Amino acid sequence: MHAHRKTGSTMAVTALMLLSPLLLYPVFYLVCLIQDTVFGDRLIVDHLRYVGRRDLLELFLRDWAAALPLSYLVTVPVLVLAVLIVRRGIAGVCTALAVPSLAVAAILAATVLGINALPVLATSAAVFILLPCRVLSRC
Amino acid sequence: MLKRHLIAGACLLQVMAWNVPAADHAWVIGGGPYLENSQAQIEFNINWVLEFLRNSDADRVIHTYFTDGGAPFKDVVEWSRPADDPASLQPLARVFDAVEENGNHYRNSRVPGVDGSTSRAELLDELAHGFSALRPGDRALIVYNGHGLRGQRDAGDNTLRLWNDTEVTAREFERLLDKVDPAVPIRFLFAQCYSGGFSRLIHPGGEDVLELAPGQRCGFMAESEDREAEGCSASVKIGDYRDYTTYFFSALSGTDRMGRPVTQDVDLDHDGRITLFDAHLYALAYGYNGDLPRATSETFLERWQPWYLRWLDTRTVPDNLYGKLSRIVAGRLGLPGTEPALVRELHARKRSLQQQMNRALEEHDANKRRIHELQYGMQRDVGERWPGALHPYTGNHRQFMEKYLNEAQAFILAHADYPELRDRQDRQMELDKVMLKIERDMTQLDKVLRLRRLARLLDQFQHHAGKAEKAWFRQLRQCERSAL
Chain C
15 MHAHRKTGST MAVTALMLLS PLLLYPVFYL VCLIQDTVFG DRLIVDHLRY
65 VGRRDLLELF LRDWAAALPL SYLVTVPVLV LAVLIVRRGI AGVCTALAVP
115 SLAVAAILAA TVLGINALPV LATSAAVFIL LPCRVLSRC
Chain H
309 MLKRHLIAGA CLLQVMAWNV PAADHAWVIG GGPYLENSQA QIEFNINWVL
359 EFLRNSDADR VIHTYFTDGG APFKDVVEWS RPADDPASLQ PLARVFDAVE
409 ENGNHYRNSR VPGVDGSTSR AELLDELAHG FSALRPGDRA LIVYNGHGLR
459 GQRDAGDNTL RLWNDTEVTA REFERLLDKV DPAVPIRFLF AQCYSGGFSR
509 LIHPGGEDVL ELAPGQRCGF MAESEDREAE GCSASVKIGD YRDYTTYFFS
559 ALSGTDRMGR PVTQDVDLDH DGRITLFDAH LYALAYGYNG DLPRATSETF
609 LERWQPWYLR WLDTRTVPDN LYGKLSRIVA GRLGLPGTEP ALVRELHARK
659 RSLQQQMNRA LEEHDANKRR IHELQYGMQR DVGERWPGAL HPYTGNHRQF
709 MEKYLNEAQA FILAHADYPE LRDRQDRQME LDKVMLKIER DMTQLDKVLR
759 LRRLARLLDQ FQHHAGKAEK AWFRQLRQCE RSAL
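Top line first, the protein sequences correspond to chains C and H. Heads up, the first sequence is in this note's numbering, so the first residue is 15 and it goes up one at a time. Heads up, the second sequence is in this note's numbering, so the first residue is 309 and it goes up one at a time.
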């Protein structure tokens with residue numbers, strides 16, 4: 015019974031980690047839309063009204079796809095941190111994050127130094143998907 | 309002995325080739341795809357550009373390609389309003405839906421020094437030959453004034469409409485530019501509908517990438533890849549034609565097409581020289597027409613802009629070149645000088661113009677339907693009395709034209725529906741002019757928004773772009789900032 019609950023919880027958290035980054039760009043877009051409409055040049059509304067819905071939708075989808083790698087890079091660590099704090103407390107979190115933090119630092123350093131982005135992104139994805147699994151399996 | 313002579317001859321030829329002085333070459337290409345769509349307004353523009361190019365540099369080599377290439381056939385149509393009397397057949401034309409055609413006057417083009425036709429096969433062959441012959445030290449300028457179409461697949465398939473109803477796509481044109489020696493700068497100006505697709509000439513394969521093609525290419529386009537240009541509006545018929553080329557070359561020559569001096573400061577980037585880029589900025593700032601032009605460096609900036617900067621902070625306007633220009637245009641339009649009043653007023657005007665446009669379009673459509681109803685009824689009445697009137701290209705029609713034309717036109721003029729038909733058709737032409745004016749006014753407001761956006765974009769680029777991207781941008785700007 016207890017094992018079932020733990021598996022269900024793990025699946026829910028993993029699903030949250032995989033799906034929530036998808037929402038990051040739409041949320042960002044919504045904030046931009048409000049800012050643009052209320053304070054800005056109303057470019058989005060203008061685009062929608064005079065250029066066309068299809069064109070704007072295409073642009074939105076293209077930007078959304080472009081935003082996905084960064085969305086995962088940002089959202090997954092934040093969620094992992096949140097889950098760890100909830101389940102293991104601050105001290106446990108510090109210990110658990112030491113190794114992955116070093117990995118993230120290495121990846122960021124590689125990116126800054128201009129190393130080819132593709133292996134960097136692949137490594138990042140591997141680390142950020144493996145990390146929650148490792149952490150959650152201990153919870 | 310013979311071998312020695314041959315070697316000496318070859319060396320001499322080589323030395324002669326090296327000593328050929330570098331030259332400026334201009335390819336001026338224009339005209340419509342077929343007679344009915346080959347308006348005299350395009351011809352006027354081409355002649356004006358040719359005259360200016362010849363006068364500005366006597367040594368410039370000009371290659372001119374226009375419609376049928378100087379064949380002794382009619383290839384230009386000029387429209388003027390026919391007199392509203394039986395002698396011009398206007399009553400008959402009104403009933404048989406030929407009012408527009410009745411005002412057409414066909415003639416042979418009057419473009420001096422035409423080198424060839426713009427028919428696809430001939431033009432591509434000539435351009436390939438001419439481009440291959442360019443040598444380091446030469447410079448090339450390509451000017452196209454005519455019609456264009458939107459591509460089926462993407463903007464790389466946007467086309468130039470050439471004589472005999474043929475076409476060439478932006479991708480195909482890019483392949484032609486590959487024949488040019490990379491040391492030769494190529495500048496281009498495209499003024500047709502959807503000309504923004506030709507901004508892809510600066511990218512390898514004409515693809516939608518940021519990377520620049522080898523060599524030095526840059527250019528200017530009258531419109532974006534998805535908008536019609538002024539040349540597709542009613543103005544191309546009614547004689548009020550002023551497209552991007554008109555303003556672009558006004559800035560360079562110092563006088564407009566009518567010979568009036570340009571009174572504004574043309575050195576808009578304040579670098580002390582009048583360059584092609586200044587001419588573009590002048591058209592943006594002072595052109596009153598339906599075109600919203602763009603330079604390749606601007607489309608490059610738009611292509612570069614990453615997703616996280618696209619809609620971020622659309623309020624501030626940096627005080628750079630584009631920011632200053634946006635204030636010039638806003639001032640010219642009488643928009644408030646301060647925020648947020650400027651944006652509020654601008655959008656209020658846009659909404660008002662859009663409403664006027666919708667009303668004009670509704671009236672235009674309703675008018676068109678009523679005109680067809682009236683024409684149908686009157687054609688039936690005429691046909692009952694003179695059946696030959698309904699069947700052109702027949703012996704009956706010839707008999708009708710020879711024997712009963714005056715009688716039939718008198719009948720039409722006395723018909724109860726004729727006054728309404730005449731008034732509605734005249735109103736239809738008025739509406740074309742009204743919609744053209746609204747379109748031009750809307751474009752002026754769009755220019756302010758676009759210039760504000762470019763100001764932010766340039767600022768973002770200076771802060772966020774990488775070294776390679778900045779180097780490409782500098783290369784484009786250097787090319788655009790060359791003198792004619």
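It should be emphasised that the hints constitute simulated quantities derived from the structure, not laboratory data. Honestly, I wouldn't trust all of these hints.
Examples of chain C residues toward chain H, derived with CB under 7 Å [claimed, not checked]:
1. Pro40
2. Leu44
3. Phe53
4. Asp55
5. Arg68
6. Glu72
7. Phe74
8. Asp77
9. Pro83
10. Gly103
All values reported here derive from a predicted model rather than from experimental measurement. Here a beta-carbon is modelled for each residue, glycine too, at the ideal position from N, C-alpha and C.
Problem - Hint check, failures only - result: 1, 2, 5, 6, 7, 9, 10
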